[in-house]
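Novice: Here the protein sequences line up with chains A and B, keeping their order. Each residue of the first sequence is one higher than the one before, counting from 1 in this note's numbering. Each residue of the second sequence is one higher than the one before, counting from 262 in this note's numbering.
With a Cα cut of at most 25 Å, we get these calculated DMTMM-like pairs of lysine to aspartate or glutamate: (1) Lys82(A) <-> Glu433(B); (2) Lys129(A) <-> Glu433(B); (3) Lys524(B) <-> Glu426(B).
Calculated from the structure, these hints are not laboratory results.
Each chain is listed here by its residues.
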Amino acid sequence: MTTATDFASSPNALNIRGLQKEYVPGKPILKGIDIEINSPGIIAIIGPSGTGKSTLLRCINRLIEPTAGEIIFHQSNLCLAKGRQLRQLRRHVGMVFQEYNLVERLSVIENVLTGRLGYMSAWNAWRRKFSQTDIDMAFQLLESVGLTEHANKRADSLSGGQRQRVGIARAVMQDPHILLADEPTSSLDPKTAVEIMELLEKFAEEKNIPTLVNIHDVNLARRFAKRMIGMSDGVVVYDGAPEGITDAHLKQIYGGESWLV
Amino acid sequence: MTTMHSHWQRFTLKQKLSRYSVYIVLLVALIQSIRTVEVIPEFFYDAPEQMADMFTRMWPIDFAFYSVSVHDAMIETLNIATLGTLVTLIFAIPLALMNANNVVASPISHWIARFFLVSSRSVNSLVWALLFVAIFGPGVMAGVLAIAFRSVGFVGKLLAEAIEEINMGPIEALRATGASWASVLLKGYWPQILPAFFSIVLFRWDINVRESAVLGLVGAGGIGVVLNNAMNLFEWQRVAMALLAIFAVVILAEIIVVQIRKKLI
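All chains should be built: construct the whole structure from the sequences, respecting the hints.
Specialist: What follows is the structure, encoded as structure tokens:
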């Protein structure tokens with residue numbers, strides 16, 4: 001069992017300070033976010049649509065450029081990283097998407113292998129020259145998400161739940177030090193949604209890495225999260241144990257109360 | 262009980278009036294253009310007779326002429342079309358990438374690409390051929406370059422549009438893995454545009470087969486040279502043979518393209 005102080009200096013720690021994002025100058029979406037991630041497991045970020053949850057995750061791996069603030073990862077500020085350095089930091093941040101974002105015309109196994117693109121040259125990528133270790137790892141991952149027999153099928157022939165499993169395998173393939181999942185269950189039925197959350201939990205434990213999950217299903221979040229972050233209107237309004245979230249908090253996060261039964 | 266009558270008309274009065282005025286303008290334009298083309302009635306009424314005359318001169322088709330010179334010229338034409346299409350790709354692919362706003366965000370790059378694509382398209386391949394015949398002299402070289410220069414605009418523009426229509430989700434995902442720009446291009450963009458790419462290239466090849474048949478008229482090699490010579494010597498039976506060969510090849514090209522496209526998509 002590692003303690004929090006050990007973890008804070010480990011490569012898995014992530015520290016967000018004063019993060020701001022304005023798409024339109026003067027209209028901030030994120031209004032100064034401070035989050036310190038220093039322990040493994042699922043961290044659920046809840047909040048209504050349009051409150052900046054997706055923007056927050058995409059600022060972490062710089063798919064979106066933050067306007068101000070800093071994100072410390074691997075002892076360097078992600079917000080300032082450029083070119084090769086940014087790509088090297090990105091490959092240790094795995095991401096799972098709501099719409100799976102697989103390359104549909106490629107096979108399942110090749111989609112998993114694209115998780116290694118950050119580690120290889122474009123020339124080798126073009127020749128599909130993945131190392132034997134990578135290939136072995138890809139098949140192992142496919143087995144652990146239960147899709148071994150689908151390895152050579154085209155990604156667009158899979159169901160939603162299966163595609164998300166491929167998406168998770170691709171993210172884990174990166175050998176991530178932290179996982180981000182942007183609404184990974186929103187396009188799925190309730191049973192599949194639970195299975196996907198179980199899978200994320202399994203990898204978080206196996207690899208001992210923190211996993212940030214944007215999710216709007218509060219009950220699902222409570223069930224899997226070790227820590228919950230409530231966001232509303234671009235600020236963090238709750239950050240703590242899932243047990244600590246009360247109806248008052250939920251009212252503050254989502255507004256209204258008729259939906260609380 | 263009274264029933265409510267809802268009133269509905271497709272166009273309002275104002276819209277109707279504007280539609281009718283468009284019809285009137287079109288009619289006036291038609292009448293005006295008939296008056297300005299100055300059809301010479303004698304030549305016009307004479308046309309069926311002239312046509313019948315030409316067909317009788319063409320008949321019987323001189324099939325022996327095929328092996329004499331049509332065959333080799335036809336192969337040359339196909340070579341011009343195919344080589345021209347391949348040379349096109351060298352220029353069209355970079356220009357398409359520069360023109361697609363989801364690949365390069367810089368407006369300067371868009372303008373440069375658009376300048377070349379539009380100038381390529383605004384010149385007819387016959388005019389390109391005249392230009393290249395003047396530079397390289399008559400022959401296949403001029404034909405290949407004429408075809409290539411005209412096709413760059415066509416292929417580049419359609420390819421850029423195909424690139425802009427792809428799903429950006431996978432691109433985002435690959436960028437998130439830390440993949441380099443070139444790797445994202447190869448593994449994210451390329452698989453998604455592959456069907457459109459082959460569709461466009463085959464379509465352009467199909468057009469180029471037809472265009473290169475005409476290029477010989479200005480001396481740029483191929484079947485057109487044979488056709489032009491036969492016409493100048495009033496050897497109508499040989500002209501008929503050349504036309505028949507062009508027709509057969511165009512149909513064949515169409516069939517091949519349709520079959521390949523079925524396999525690809």
